[in-house]
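J.: Below, each chain spelled out in residue letters.
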Amino acid sequence: MNAHEAIERIYREEYGRVVASLVRRFGDIDIAEEAAGEALLVAMERWPEDGVPPNPGGWLTTTAGRRAIDRIRRESHRDAKHQAALMIEDDTPHEPTGIVEDDRLRLIFTCCHPALAPEVRVALTLRLLGGLTVAEIAQAFLVPETTMAQRITRAKKKIKDANIPYRVPAPEDLTARLGGVLAVVYLVFNEGYLASSSGAPIREELTAEAIRLGRILRTLLPDEPEVAGLLALMLLTEARRRTRVAGGELIPLHEQDRGGWDRELIAEGHALVRECLARNRPGQYQLLAAVNAVHTDAPAAGDTDWSQIAALYGQLYAIAPTPIVALNRAVAVAELDGPEVALAEVDRLQLTTYHAWHATRADLLRRLGRSAEARAAYDAAISATENEAERAYLSRRRGSLAP
Amino acid sequence: MTQYMLSVHHRVGDPVPSEDEIQPIFEAVDRFNNKITAEGIWVFGGGLEPRETAVTVDNTGAEAVVSDGPFAESKEWLGGFWVIEAPDLETAVALAKEASAACAGQVEVRPFQAE
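In order, the protein sequences belong to chains A and B. One point on numbering: in UniProt numbering, the residue at position 224 of the first sequence is 224, and numbering is uninterrupted. One point on numbering: in UniProt numbering, the residue at position 20 of the second sequence is 20, and numbering is uninterrupted.
To be clear, the hints were calculated from the coordinates, so they are not data collected in a lab. Note that the coordinates shown come from a computational prediction; the quantities given were computed from them, not determined experimentally. Cβ coordinates follow ideal geometry from the N, Cα and C atoms, glycine included. One or more of the hints may lead you astray.
In silico lysine to aspartate or glutamate, EDC-like type, Cα no more than 20 Å apart, as pairs [stated by the list, open to error]:
id, chain 1, residue 1, chain 2, residue 2
1, A, 160, A, 34
2, A, 157, B, 115
3, A, 160, B, 88
4, B, 35, B, 98
5, A, 158, B, 27
6, A, 156, B, 115
7, A, 160, B, 98
Examples of chain B residues toward chain A, derived with CB under 10 Å [as the list claims (entries may be wrong)]:
id, residue
8, 1
9, 4
10, 72
11, 86
12, 90
13, 92
14, 110
With these hints in hand, go ahead and build the complete structure from the sequences.
T.: This is the structure in structure tokens:
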């Protein structure tokens, strides 16, 4: 890695912290982003000669702050709020966020505000907290860069015009609003883990970014069990990533080489799940994490404690009665009570546009020896997904059906 | 501080409340108005007469045209509104929740352009 790449990496790591601090100070996302960009240029010039400062984040924030003040001085037509920022000589005076004093926490609640459309929340979070470039976000969600740039610009304008605050919600609203933030992080993770589109089956940059955001939230809100639950869920899923695709084909859980699972991530995920169990305030991410803990606990697929998994999905269904939860429960039921009972449950769901519903039906029909129906179900599953690795897997299964 | 319009819209097919039903709504709206006036949030507000009472004026051409009726023959129309002054959207939304409960209708929150 050359010096500039190293600096860019540090910059990306520190970006969320730097921008969040500047947004709090100047009350303006554009000023914060421009100043952070200028600070990067200064770092590129100085660090290769002077060396990386001991606290690069602090250095970038201070440098960016000075640049922002210079800019505001030059553009004297800025309004009173920005003029007022000139009076502030250092970075210290800011209102406490209430629970923890971290500007990133305020900013993520702004990015995930219910007044913004869900796809915009994801993009803004990746841009401002994750430090991804607009081009990277556009590529991740397969939209043209100009479209993504417009989307982000409009969202920032809405934040400014509607005066969406940079604030952690009041305690009585926190749980509901936190749900929105966690949903955004999980969406980023899922898009990385099973890309809905053609191209790379797994987008590591997205799963890594979601886990990084999850870790930040966990540090900032250590007493929120759903935050721990989501992080555990992501870690236990990520732990299996290396074994999930082989030769361009998706490998289902029961066929994965368990020796290739990341034991360190599993240990960390299990510790979080135990912590959640001790708290005993279950929520949907915690329950999904617990399901994954059961899977990653089994030395071989045959050792899986399916009754535990069915019970966890039952508990989840009580909080979140969605057909997708019912579908997952049916998969456990197939192992406990046989494919016929499971198929009856699956057929009641009618998730006809969902590839996993067709794939589950296909597998159950195959196990029941109903090859013709299974073949039709595999066909439906294949046409319902764009993910090449999944299509390859489904095609192989279809090909292995008895005539 | 930002000024926001909290607007209440009616739709074709909305049930028309009876005299008995409307009285508690008036009272709830009065209480809300008094509260936001006392807190210095109130700027202006009121309920509008039915849209049949509207007149539309167009002076964009050579001659001004005045016509009977509302601007658009739509399935939704403005029934009334508040203009409030609040520190941010969060506060405006919290007030809109109270307003919506008081007037028994959905409330749209929209910021005014900055000066």
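J.: Each hint: holds or not?
T.: Comparing the hints with the structure gives:
With a C-alpha separation of about 16 Å, the suggested pairing of residue 160 of chain A with residue 34 of chain A holds against the 20 Å cut-off. Between the alpha carbons of residue 157 of chain A and residue 115 of chain B the distance comes to roughly 15 Å, so the proposed pair stays at or under 20 Å and holds. Only pairs whose Cα atoms come within 20 Å are accepted, and residue 160 of chain A paired with residue 88 of chain B is accepted, the gap being roughly 10 Å. Taken as a hint, the residue 35 of chain B and residue 98 of chain B pair is honoured in the structure, with Cα atoms around 11 Å apart against an allowance of 20 Å.
The straight-line distance between the Cα atoms of residue 158 of chain A and residue 27 of chain B is roughly 34 Å, outside the 20 Å bound, and the hint therefore fails. With a C-alpha separation of about 19 Å, the suggested pair residue 156 of chain A and residue 115 of chain B falls inside the 20 Å cut-off, and the hint holds. The suggested pairing of residue 160 of chain A with residue 98 of chain B is violated, with an alpha-carbon distance near 24 Å, which exceeds 20 Å. Hint status for residue 1 of chain B: holds, given a least beta-carbon distance of 8 Å to chain A, under 10 Å.
Hint status for residue 4 of chain B relative to chain A: holds, with the closest Cβ pair at about 8 Å, below 10 Å. Hint on residue 72 of chain B is violated. Least Cβ distance to chain A is approximately 24 Å, over the 10 Å limit. At its closest, the beta carbon of residue 86 of chain B sits 8 Å from a beta carbon of chain A; the interface hint therefore holds under the 10 Å criterion. For the restraint placing residue 90 of chain B at the interface with chain A, the shortest Cβ-Cβ distance is roughly 5 Å, inside the 10 Å limit, so the hint holds.
A distance limit of 10 Å between C-beta atoms decides the matter here; for residue 92 of chain B the minimum to chain A is near 8 Å, and the interface restraint holds. Hint status for residue 110 of chain B relative to chain A: holds, with the closest Cβ pair at about 8 Å, below 10 Å.
Consistency note: the structure conflicts with the earlier hints numbered 5, 7, 10.
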